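Chain order of the listed sequences is A and B. So the first sequence is numbered by numbering that gives the first Met the number 0: it starts at 0 and just counts up by one. So the second sequence is numbered by numbering that gives the first Met the number 0: it starts at 0 and just counts up by one.
Take the hints with a grain of salt, since some may be wrong.
To be verified - A short list of chain B residues far from chain A (calculated; beta carbon distances all over 10 Å):
1) I39
2) E47
3) D120
4) Q137
5) L164
6) Q199
7) K211
8) G342
9) P403
What the hints assert, rightly or not - Here are the simulated EDC-like pairs of lysine to aspartate or glutamate, each with C-alpha atoms no more than 16 Å apart in a straight line:
10) B:K581 to B:E593
11) B:K223 to B:D474
12) B:K291 to B:D268
13) B:K2 to A:E178
14) B:K2 to A:D312
15) B:K390 to B:E324
16) B:K1 to A:E354
17) B:K211 to A:E305
18) B:K2 to A:E305
19) B:K214 to A:E354
20) B:K1 to A:D312
21) B:K41 to B:D206
22) B:K123 to B:D67
23) B:K40 to A:E354
24) B:K127 to B:D79
25) B:K239 to B:D268
What the hints assert, rightly or not - Chain B is faced by these chain A residues, among others (derived, beta-carbon under 10 Å):
26) W103
27) G331
28) L340
29) G381
Hints in this document: simulated from the structure, not taken from any laboratory. Given the structure is predicted, the values throughout are model-derived calculations rather than measurements. Even for Gly, the Cβ is constructed at its ideal location relative to N, Cα and C.
So the chains spell out like this:
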Amino acid sequence: MSGRGPFGRLDWVSVILYALLVFIGWLNIYSTSVGEADTSLFDFSTLYGKQLFFIGLAALGIVFVLFVESQFFERFSSIFYIVSIVLLLGLFVFGKTIAGATSWYDLGFFNLQPSELAKVGTSLALAKFLSDIQTDIRTGKHQIYALVIILLPALLILPQPDPGSSLIYFSLFFVLFREGFPIYYLGILIFAVVLFATTLMFGTVWVAIGLVILTLLVYTFKKASVKIPILPVLGVIAVSVLFSLSVNFVFENVFEQRHRDRFALWLSLEKDEEKLDEIRKTIGYNTYQSEKAIESGGFTGKGFLEGTRTKGDFVPEQHTDYIFSSVGEEWGFLGTSTVILLFSLFFLRLIYIAERQKSDFSRMYGYGVISILVFHYFINIGMVIGLLPTIGVPLPFFSYGGSGLIFFTMLLFIFLKLDSNRLKDGI
Amino acid sequence: MKKLLLSSIIVLIGFTFIGRLSYLQLFRFSPDQILDDPAIKKVYDYPERGYIYDRNGKLLVGNQPAYDVMVIPREVKPLDTLEFCTLLGIDKPEFLSKMEKARRYSPRLPSVLVPQLSKEDYAKLQEKMRHFTGFYIQKRSLRYYNTKSAANVLGYISEVNEWDLKNNPYYVAGELKGRTGIEQQYEEILRGQKGVKHIQKDRFNRDIGPYKDGKLDTLPQQGKEIHITLDKTLQEYGEKLMHGKRGGIVAIEPKSGEILAMISGPAYDPALLVGRERSKNYSKLHYDTIAKPTWDRSILAQPSPGSPFKTLNALIGLQEGVIDEDTNFRCYHGFYVGNTLRGCHCGGGVRDLNSGIYQSCNAYFAGVFRKIYDKYETTDKGMSVWEKHMKSFGLGDFLGTDLPTGAPGRIPDVAYYDKWYGDGRWAASTIISNSIGQGEIAATPLQLANMTAAIANRGYFYTPHVIKSIGNKGDIDPKYTEPRYTTIDRKHFDPVIEGMANVYNYGTARWLKIPGIDIAGKTGTVENYIRIDGERMQLTDHSVFVAFAPVENPQIALAVYIENGYYGARYAGHIASLLIEKYIKGEITRKDLEKRMLDKTLEHEYAKPYSGEPFEINEYVW
Chain A
0 MSGRGPFGRL
10 DWVSVILYAL
20 LVFIGWLNIY
30 STSVGEADTS
40 LFDFSTLYGK
50 QLFFIGLAAL
60 GIVFVLFVES
70 QFFERFSSIF
80 YIVSIVLLLG
90 LFVFGKTIAG
100 ATSWYDLGFF
110 NLQPSELAKV
120 GTSLALAKFL
130 SDIQTDIRTG
140 KHQIYALVII
150 LLPALLILPQ
160 PDPGSSLIYF
170 SLFFVLFREG
180 FPIYYLGILI
190 FAVVLFATTL
200 MFGTVWVAIG
210 LVILTLLVYT
220 FKKASVKIPI
230 LPVLGVIAVS
240 VLFSLSVNFV
250 FENVFEQRHR
260 DRFALWLSLE
270 KDEEKLDEIR
280 KTIGYNTYQS
290 EKAIESGGFT
300 GKGFLEGTRT
310 KGDFVPEQHT
320 DYIFSSVGEE
330 WGFLGTSTVI
340 LLFSLFFLRL
350 IYIAERQKSD
360 FSRMYGYGVI
370 SILVFHYFIN
380 IGMVIGLLPT
390 IGVPLPFFSY
400 GGSGLIFFTM
410 LLFIFLKLDS
420 NRLKDGI
Chain B
0 MKKLLLSSII
10 VLIGFTFIGR
20 LSYLQLFRFS
30 PDQILDDPAI
40 KKVYDYPERG
50 YIYDRNGKLL
60 VGNQPAYDVM
70 VIPREVKPLD
80 TLEFCTLLGI
90 DKPEFLSKME
100 KARRYSPRLP
110 SVLVPQLSKE
120 DYAKLQEKMR
130 HFTGFYIQKR
140 SLRYYNTKSA
150 ANVLGYISEV
160 NEWDLKNNPY
170 YVAGELKGRT
180 GIEQQYEEIL
190 RGQKGVKHIQ
200 KDRFNRDIGP
210 YKDGKLDTLP
220 QQGKEIHITL
230 DKTLQEYGEK
240 LMHGKRGGIV
250 AIEPKSGEIL
260 AMISGPAYDP
270 ALLVGRERSK
280 NYSKLHYDTI
290 AKPTWDRSIL
300 AQPSPGSPFK
310 TLNALIGLQE
320 GVIDEDTNFR
330 CYHGFYVGNT
340 LRGCHCGGGV
350 RDLNSGIYQS
360 CNAYFAGVFR
370 KIYDKYETTD
380 KGMSVWEKHM
390 KSFGLGDFLG
400 TDLPTGAPGR
410 IPDVAYYDKW
420 YGDGRWAAST
430 IISNSIGQGE
440 IAATPLQLAN
450 MTAAIANRGY
460 FYTPHVIKSI
470 GNKGDIDPKY
480 TEPRYTTIDR
490 KHFDPVIEGM
500 ANVYNYGTAR
510 WLKIPGIDIA
520 GKTGTVENYI
530 RIDGERMQLT
540 DHSVFVAFAP
550 VENPQIALAV
560 YIENGYYGAR
570 YAGHIASLLI
580 EKYIKGEITR
590 KDLEKRMLDK
600 TLEHEYAKPY
610 SGEPFEINEY
620 VW
């Protein structure tokens, strides 16, 4: 065992991966925001200069987290949660509106986004609740408590409006799944999403035909010894078809045109080249420009600071949500796959760490952290490369933004701090 | 299961992302994307278009500055519209609609508001320009013509169209390109190579500096000047003589094949197709379907050549050994085909080669023609020998001139008549009209002039061309400097040329002799018909004349074709005579002859078939 100080048993693999991601992210922010006249890296009027300052703040945050006793986080997790909720409520009165969303407190030097802080608070609170000796996630009552903990901040964030951040809280269900929440809930959810998409793409009739064929195939190829009762299967098909019909109804009557357009773009529903062109210029503009920028990078990319579309600001919000398109244009396939690889390794390493925790609280909190980070990563990159509809969430450690970087860092390092103390937990 | 769930999801997401990125960056990527990258604007630097000079170094075509009034709509401040419109020479509704068009194109980018102001308008506007924010004047280069002649030969330039853009990647919308004539033929030499600068842009289309510090940029290459073979003085004089007449004239220097003049009547001023009035003028010229000024008769009209063609039949007869200088045919004021008498105007009597040519005796040449065919066992064989000789004079096919248009003319062959009459159902007597240059034969004035040059050279010619030298080096295509030999031996030419010289001495053109110059020539009078509203009517004969001079050491060979000018010596003969004198002497001594040609027009002749009333043709009085 090396030293006993605050850095002693820190998981250095995770720390290095974290530092690499922050560094690559900053390089790309630099590329998107550097101008001809800029000379100093520490010019705080520039975005990359500010981001450098935020990285400094994040480093301070790390030091703060590491010097705090690890029990502190478990003990005060409810306080964190309550403070988060209060701050979210406070936004309705004192909030500052940026780009149409009332999501910030103006602290003068810094705009604080409490929805980022609330991710920490909610993860801690959820872990605390689930690790309580009296909690049994298999009971309906406790399932509802857990749902309330997760959904309360999500509901408060939704009307800001910030549906992206709100959606992130659903990632915490993975903590529940890990702790015994029935996985078939997830199966039902995925099945519903597939039904939704296929209904829009092919229509209810084809969905019904597909289901029947699928059932027949299962019955044909199953082992004779396996008995599948026919009635519940028919029931499932009937419910599915009803659901499929309701999808059409909801899509046509409840959704607004802009939502329909987004789905139309995502599922390639629109075949008319002229209308498609119109969509590309309007709601699909960001995605179209982002895809084009990534595509134009090719295998090796155009080189650092050589991205013509990046320099020309062709991709809107490139320094925040669309930062990955800059990687694509300037560093090419080599760059993008490296970043995907780094993120994947980082997440897998964190799962490995979570699984080695002796303390239930630490493991559950770890799962919360991982779920939140993975969900951001999935939605953000999926959107930037045109796989998912446009949902505005930042790419952790990459995207420009102080609150994001600082609270993602704290989220992570609280977990790493808990991990560094794992040997004491058993005592 | 529950421990592996999140890990598997992460791996799955990783693979999905890599797959999508491979599709985007490896499969969909193409390296020449840079060409349509909206972030890179190409700015072109256009070199000046090359000048065109005549054979003596006189400027024909140069460049002149023109001034476009440009507008950037969103920078426009409220202005005195009335004053501005007056300065621009447009009215208010036009001004407003042009402004609206510019705004719709782009509020940020410049549009042309009024193109190609004249120097005078520019001078007036320039001092007031500072009152009108958002407008500026952009200079560009237009063609300037130092002559009012040769419009069809020189050709014009105009903006590239969609077809050009699709078929030639060099051009970008809005650029100019040689459209006809020499401007088209020597487009690449005249235009040079434009330079290109790559400018990095942002999404609002604003410039943000050079792309890659200008590493991909190129400098413009100047267009080269060219010298053409036309003689400015002769060309202009010829067009003056063509006043009020329709037809084509081609003059060639026999010893080089250089085209000295290429005239099509009615002529028009090439400057009409430059500047603001261009499209208006173009429509006027192009849609005049009766006079057809843009239809270059010197190379596109394909009338029957008429009597000048007799000289070739004489040469073939001599070459085939079926006649000699003394062979006689009797003219009965015509000749018999079966029992039908075909007329002749020569006066009748016994004709030999010399008088047959200078009196233009139809009976004599009908006899020669029959003899050529009778030499061979079958008409087919005779026909193909005759056809081979004819084609060696550059007839019946494109000559290969360096002009973008042309016509092949026609020398009929066995297959042609088999199709017409049926195999074996025709003989020399059936096609006897060919002996006197009527019938199925057709030739452009260029081909006739070239044929005359071949006679002047006693047996060979150079492919007629208009290019004399390119840039400083002067190299032209070697195909224009290699002689093309006819199938007739040199010795047979002298008796024929003697006959042609006697056309001036005693024959059909004896009124047109030029003191001090020996000319050899041949008149032609060509019957012709027109179909108007389905009714076929005969018009006054075309007047045709071919000549070269001096007989020894020829400097000029020409063919003149005047539509409905009646007999050969009338209009065509006069004009040929004047052109030869002008070219060789440099001045005209026979002022009365010149005055007659300058004054007389054939408009009354051209109006006849459209008058709707019965009319006389071939009127004796003129």
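Going down the list of hints, with the structure as the test:
no.	hint	verdict
1	I39	violated, 6 Å
2	E47	holds, 32 Å
3	D120	holds, 39 Å
4	Q137	holds, 25 Å
5	L164	holds, 21 Å
6	Q199	violated, 6 Å
7	K211	violated, 7 Å
8	G342	holds, 72 Å
9	P403	holds, 38 Å
10	B:K581 to B:E593	holds, 11 Å
11	B:K223 to B:D474	holds, 12 Å
12	B:K291 to B:D268	holds, 14 Å
13	B:K2 to A:E178	holds, 9 Å
14	B:K2 to A:D312	violated, 43 Å
15	B:K390 to B:E324	violated, 24 Å
16	B:K1 to A:E354	holds, 11 Å
17	B:K211 to A:E305	holds, 8 Å
18	B:K2 to A:E305	violated, 44 Å
19	B:K214 to A:E354	violated, 55 Å
20	B:K1 to A:D312	violated, 44 Å
21	B:K41 to B:D206	holds, 11 Å
22	B:K123 to B:D67	holds, 14 Å
23	B:K40 to A:E354	violated, 55 Å
24	B:K127 to B:D79	holds, 11 Å
25	B:K239 to B:D268	holds, 12 Å
26	W103	violated, 27 Å
27	G331	holds, 6 Å
28	L340	holds, 7 Å
29	G381	holds, 8 Å
Figure legend: structure checked against the earlier numbered hints; hints not met, in rising order: 1, 6, 7, 14, 15, 18, 19, 20, 23, 26.
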